[in-house]
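Here's the letter readout for the chains.
There are 2 protein chains.
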Amino acid sequence: MADPGHPVKCSPVMVDGVALNGPTVNILDSEDFLQQSMAIILEDAVKKATDVKEKVCEWRPPEELKELLDLELRDEGESESQILQRCRDAIRYSVKTTHPRFFNQLFAGLEPYSLVASCIVEALKPSAYTYEVGPVFTLVEDAVLRKMMELVGWEEGGDGIFNAGGSMSNMYAVNLARYHHCPDIKQLGLSAAPRLVLFTSQECHYSISKAAAFLGIGTKNVYKVPSDESGKMIPSALEELIKKAKSEGAVPFMVNATAGTTVLGAFDPLEEIADICGEHNLWLHVDACWGGAALISKKHKHLLKGIHRANSVAWNPHKMMMACLQCSAFLVRDKTGLLQRCYSASASYLFQQDKFYDISFDTGDKSIQCGRKPDAFKFWLLWKAVGARQLEQRVDRALAMARYLADEIKKREGFRLLMEVAPVIKERMMKVGSMMVGYQPHSDRANFFRMIVISPQAGKADMDFVLDEIHNLGKDL
Amino acid sequence: MADPGHPVKCSPVMVDGVALNGPTVNILDSEDFLQQSMAIILEDAVKKATDVKEKVCEWRPPEELKELLDLELRDEGESESQILQRCRDAIRYSVKTTHPRFFNQLFAGLEPYSLVASCIVEALKPSAYTYEVGPVFTLVEDAVLRKMMELVGWEEGGDGIFNAGGSMSNMYAVNLARYHHCPDIKQLGLSAAPRLVLFTSQECHYSISKAAAFLGIGTKNVYKVPSDESGKMIPSALEELIKKAKSEGAVPFMVNATAGTTVLGAFDPLEEIADICGEHNLWLHVDACWGGAALISKKHKHLLKGIHRANSVAWNPHKMMMACLQCSAFLVRDKTGLLQRCYSASASYLFQQDKFYDISFDTGDKSIQCGRKPDAFKFWLLWKAVGARQLEQRVDRALAMARYLADEIKKREGFRLLMEVAPVIKERMMKVGSMMVGYQPHSDRANFFRMIVISPQAGKADMDFVLDEIHNLGKDL
Numbered sequence: 001m002a003d004p005g006h007p008v009k010c011s012p013v014m015v016d017g018v019a020l021n022g023p024t025v026n027i028l029d030s031e032d033f034l035q036q037s038m039a040i041i042l043e044d045a046v047k048k049a050t051d052v053k054e055k056v057c058e059w060r061p062p063e064e065l066k067e068l069l070d071l072e073l074r075d076e077g078e079s080e081s082q083i084l085q086r087c088r089d090a091i092r093y094s095v096k097t098t099h100p101r102f103f104n105q106l107f108a109g110l111e112p113y114s115l116v117a118s119c120i121v122e123a124l125k126p127s128a129y130t131y132e133v134g135p136v137f138t139l140v141e142d143a144v145l146r147k148m149m150e151l152v153g154w155e156e157g158g159d160g161i162f163n164a165g166g167s168m169s170n171m172y173a174v175n176l177a178r179y180h181h182c183p184d185i186k187q188l189g190l191s192a193a194p195r196l197v198l199f200t201s202q203e204c205h206y207s208i209s210k211a212a213a214f215l216g217i218g219t220k221n222v223y224k225v226p227s228d229e230s231g232k233m234i235p236s237a238l239e240e241l242i243k244k245a246k247s248e249g250a251v252p253f254m255v256n257a258t259a260g261t262t263v264l265g266a267f268d269p270l271e272e273i274a275d276i277c278g279e280h281n282l283w284l285h286v287d288a289c290w291g292g293a294a295l296i297s298k299k300h301k302h303l304l305k306g307i308h309r310a311n312s313v314a315w316n317p318h319k320m321m322m323a324c325l326q327c328s329a330f331l332v333r334d335k336t337g338l339l340q341r342c343y344s345a346s347a348s349y350l351f352q353q354d355k356f357y358d359i360s361f362d363t364g365d366k367s368i369q370c371g372r373k374p375d376a377f378k379f380w381l382l383w384k385a386v387g388a389r390q391l392e393q394r395v396d397r398a399l400a401m402a403r404y405l406a407d408e409i410k411k412r413e414g415f416r417l418l419m420e421v422a423p424v425i426k427e428r429m430m431k432v433g434s435m436m437v438g439y440q441p442h443s444d445r446a447n448f449f450r451m452i453v454i455s456p457q458a459g460k461a462d463m464d465f466v467l468d469e470i471h472n473l474g475k476d477l
Numbered sequence: 478m479a480d481p482g483h484p485v486k487c488s489p490v491m492v493d494g495v496a497l498n499g500p501t502v503n504i505l506d507s508e509d510f511l512q513q514s515m516a517i518i519l520e521d522a523v524k525k526a527t528d529v530k531e532k533v534c535e536w537r538p539p540e541e542l543k544e545l546l547d548l549e550l551r552d553e554g555e556s557e558s559q560i561l562q563r564c565r566d567a568i569r570y571s572v573k574t575t576h577p578r579f580f581n582q583l584f585a586g587l588e589p590y591s592l593v594a595s596c597i598v599e600a601l602k603p604s605a606y607t608y609e610v611g612p613v614f615t616l617v618e619d620a621v622l623r624k625m626m627e628l629v630g631w632e633e634g635g636d637g638i639f640n641a642g643g644s645m646s647n648m649y650a651v652n653l654a655r656y657h658h659c660p661d662i663k664q665l666g667l668s669a670a671p672r673l674v675l676f677t678s679q680e681c682h683y684s685i686s687k688a689a690a691f692l693g694i695g696t697k698n699v700y701k702v703p704s705d706e707s708g709k710m711i712p713s714a715l716e717e718l719i720k721k722a723k724s725e726g727a728v729p730f731m732v733n734a735t736a737g738t739t740v741l742g743a744f745d746p747l748e749e750i751a752d753i754c755g756e757h758n759l760w761l762h763v764d765a766c767w768g769g770a771a772l773i774s775k776k777h778k779h780l781l782k783g784i785h786r787a788n789s790v791a792w793n794p795h796k797m798m799m800a801c802l803q804c805s806a807f808l809v810r811d812k813t814g815l816l817q818r819c820y821s822a823s824a825s826y827l828f829q830q831d832k833f834y835d836i837s838f839d840t841g842d843k844s845i846q847c848g849r850k851p852d853a854f855k856f857w858l859l860w861k862a863v864g865a866r867q868l869e870q871r872v873d874r875a876l877a878m879a880r881y882l883a884d885e886i887k888k889r890e891g892f893r894l895l896m897e898v899a900p901v902i903k904e905r906m907m908k909v910g911s912m913m914v915g916y917q918p919h920s921d922r923a924n925f926f927r928m929i930v931i932s933p934q935a936g937k938a939d940m941d942f943v944l945d946e947i948h949n950l951g952k953d954l
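Those sequence lines, one after another, are chains W and V.
So the first sequence is numbered by the numbering used here: it starts at 1 and just counts up by one.
So the second sequence is numbered by the numbering used here: it starts at 478 and just counts up by one.
Careful, some of the hints might be misleading.
As the list claims (entries may be wrong) - Covered stretches of chain W (in silico footprint by chain V; criterion: 3 or more residues with CB under 8 angstroms from a CB of chain V, positions within the stretch not fixed):
no.: 1; stretch: 202–208
no.: 2; stretch: 239–245
no.: 3; stretch: 351–362
no.: 4; stretch: 385–398
Claimed, not checked - Label pairs and their computed distance ranges (CB to CB):
no.: 5; chain 1: W; residue 1: ARG341; chain 2: V; residue 2: GLU632; range: 40 to 48 angstroms
no.: 6; chain 1: W; residue 1: GLU31; chain 2: V; residue 2: ARG889; range: 36 to 44 angstroms
no.: 7; chain 1: W; residue 1: ASN26; chain 2: V; residue 2: GLN559; range: 29 to 37 angstroms
no.: 8; chain 1: V; residue 1: ASN949; chain 2: W; residue 2: ASN26; range: 24 to 32 angstroms
Said to hold, decoys possible - Incomplete in silico selection of chain W near chain V, CB under 10 angstroms:
no.: 9; residue: TRP59
no.: 10; residue: ALA108
no.: 11; residue: LYS224
no.: 12; residue: PHE415
no.: 13; residue: MET451
Hints were generated in silico from the structure; no laboratory data involved.
Because the structure is a prediction, the values reported are computed rather than measured.
For glycine and all other residues, C-beta sits at the position ideal for the given N, C-alpha and C.
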């Protein structure tokens, strides 16, 4: 390349009163700032955040925190030292979801390899829609999808796409099932269509209802199948509901089964549900966002027995597999291009057909997004670093830890009684900042604490701590 | 906190054959790796990537790149030095979208402040759905939305949500307009509804059609309004189409106007469109994903005159405002809670009503996602650092640069003839790696190059380079 670089010292070229010479932001001028801020991130947002001796959160009520953060966006900029302080403050008052005692969400813990992958993505600013703009990342996505499909048991592969979270994956599934049932709806819409209905358990994630609302199906056309005491869908009840819907003149088109429900962690019986879907010719989607991780464990994969019979699967490696947020895959068994036919809009400015390379690597026309982050890379680099065996051991350990905790709870008096006082204990734990555990009601039961024990930063001592701390925080109640 | 930390030296506590003592991942063990990988990111993915003397891309065809990357995911992990090499390779073979001569997409350039914000978010792993889990980030989102609404001209505020890209924002808009038109559709679906139709220009982004397909409206019910030679919607043609739709028995419910079209950068005449929407009682959405940035410029904001009359606006700060990917806002003028009513599913495990703080700060029930990244922070920190005045100067400079380039093209012979040979020149520029410019056809015109000139790393010399390079790459054709 013969170009001498940016000649910044020549006389200004003015257009519309603006000087056009040279760059206005030179990264070399920011090198010190970048070094210093990366050091703060490593110290405060990584090391301190995961240190068990530090607080999980430094609670401030909204109005007070607003003042502390000085949120206003002004005409003039601030100095680099002020910005560094803002970084420290943002980290300080944020919840440390990577702390060993954060059990509040279905994600937790920090994988340094995945974090590095995330930061590479942030710096490179790629979009995964075409091979041209994301050569590394489109190939990585393809490789990760193949591996995940192998674990699902689709030996001949399939199709899929990473997207912005499990709720989105479930929406992809509902729309794809509808398209499979009646491709004309893509063009014609639902106004002339019969009343389409889908089935899911009463324990399913709320995104199924959101999908029905968003996609024009209607939340009333989501038929909720009763679950048993442990939270699993009752197959005979599904069968009955399908018959009932048909007798009403509705048209069933899909069943959503959940592998790892949000509140109880239950696994719907996939084999029996797949049998019913086969009989009634219904699309079977498995929401394995949470429980999919068990597929990597020889000991626990039986929980998802029959998942290979699903037409589509949602699985979030950002949950139990520890990929950084977000990393969420939608997998499809079809290999005839159904996903692309369903989602394509063939934008001619992006997906030109006269490109000089094999355009089957352009994935963007399978997506409802246009720009799309290459989230698969966060899982790929992590997997490369630790290998499948260690991922398996971690899943086994998380399930063993859950068993330990359940056994310990049974030994401790008073823990059942705690259910009614969960909101008070929650408030106290947030203000102390010692740990974070989520609570929720469940059918006719009162609020209870739900423990998520997947963090590789957590161990037995943390389980014991949780029980002691709940006892301490609530002993006067 | 009285806890002594993780006692890792006691005898192993075994459950199901798994030792539960201590953490399995200790960040302190990874400190060296993190330091080294951050140094690689700064050197290769930041400094080298933005260096005009380096290549924009190091082109490899898919099959060759697959081999180079060794994509397979194996049972055993790799050493840290191998992983560091994988990081270097991923960066090396990725396209440098932050390079001064990347003009291929509606994003480009790198803002160090926004990059730092991104890395903070990646390390902290927050989700923006509740104040409890994202105290800093929910407040920041609120502040940024307010500021953006102020620029739109909604003096009394409104509502909004950051989400996973402009296509998603447009989908939010179509669904919200439909809900506003007929709230019952959320529950009942469209099967009993009349044929709803929406209007947009033939130059609009393809996400409007994708939205119609996804939401069950049907792509045929998107009526494409003719545009004039410069790419602007013709208001009289809109009026005619609305009347035609009504005469067919269809029910118009919204108009999408585009402020900054994808291929030509045209701004639809918002005042006239707003008049028509008022007359026919239609929801007006403005897709200002690309052109919204002009709102910050006193010189150019006239391009969006009338935007304050819109019911909703999509605006991506990750485009001309230089926030890191993705940073995309959906803004709503309504202040009665329409957004929340439309999108809520009231998941009791996440949005408990008995929380100990003001739950109006929990934003998750306005979203179609569950977990949601706090993208507003990337714009907030950038704005804090540079201030509105500098953001304004950058927008002014980008538009001046576009004018300079247009003038230069007029002076150069042979440039109109280039249109037919764009794919060949594109292939050559990718293989040389000297720059990246996208090409596309437009109505009955052949392929042409579309220049995006927003990067703060680019200047006049780069504009001249582009013209010389296109000339050089194509002179034998």
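Comparing the hints with the structure gives:
By the rule of at least three residues with a Cβ nearer than 8 angstroms to a Cβ of chain V, the coverage given for the stretch 202–208 of chain W holds, with 3 such residues. Given a C-beta distance limit of less than 8 angstroms, the hint that chain V covers the stretch 239–245 of chain W is violated, as 0 residues qualify and 3 are needed. For a cut-off of 8 angstroms, the count of residues in the stretch 351–362 of chain W with a CB near a CB of chain V stands at 7, and the three-residue condition holds. Taking a C-beta to C-beta cut-off of 8 angstroms, the stretch 385–398 of chain W contributes 10 residues in contact with chain V, enough for the three needed, and the coverage statement holds.
Look at W/ARG341 against V/GLU632: about 46 angstroms separates their beta carbons, and that is inside 40 to 48 angstroms. Separation of W/GLU31 from V/ARG889 is about 37 angstroms and conforms to the stated range, judged on CB atoms against 36 to 44 angstroms. Evaluation of the 29 to 37 angstroms hint for W/ASN26 and V/GLN559 yields a pass: the beta carbon distance comes to about 34 angstroms. In this structure the hint that V/ASN949 and W/ASN26 lie 24 to 32 angstroms apart at CB holds, the actual value being about 27 angstroms.
Because the closest C-beta pair between W/TRP59 and chain V is about 8 angstroms apart, less than 10 angstroms, the hint holds. Given hint, W/ALA108 at the interface with chain V, holds; its Cβ is 8 angstroms from that chain's nearest Cβ, closer than 10 angstroms. Interface hint at W/LYS224: violated, since its Cβ lies 13 angstroms from the closest Cβ of chain V, which is beyond the 10 angstroms cut-off. Checking W/PHE415 against chain V by beta carbon gives a least distance of about 19 angstroms; that is not within 10 angstroms, so the hint is violated.
Restraint check, W/MET451 versus chain V: the minimum CB separation of about 13 angstroms is more than 10 angstroms; hint violated.
In terms of the numbered hints stated before, the structure departs from hints 2, 11, 12, 13, listed from lowest to highest.
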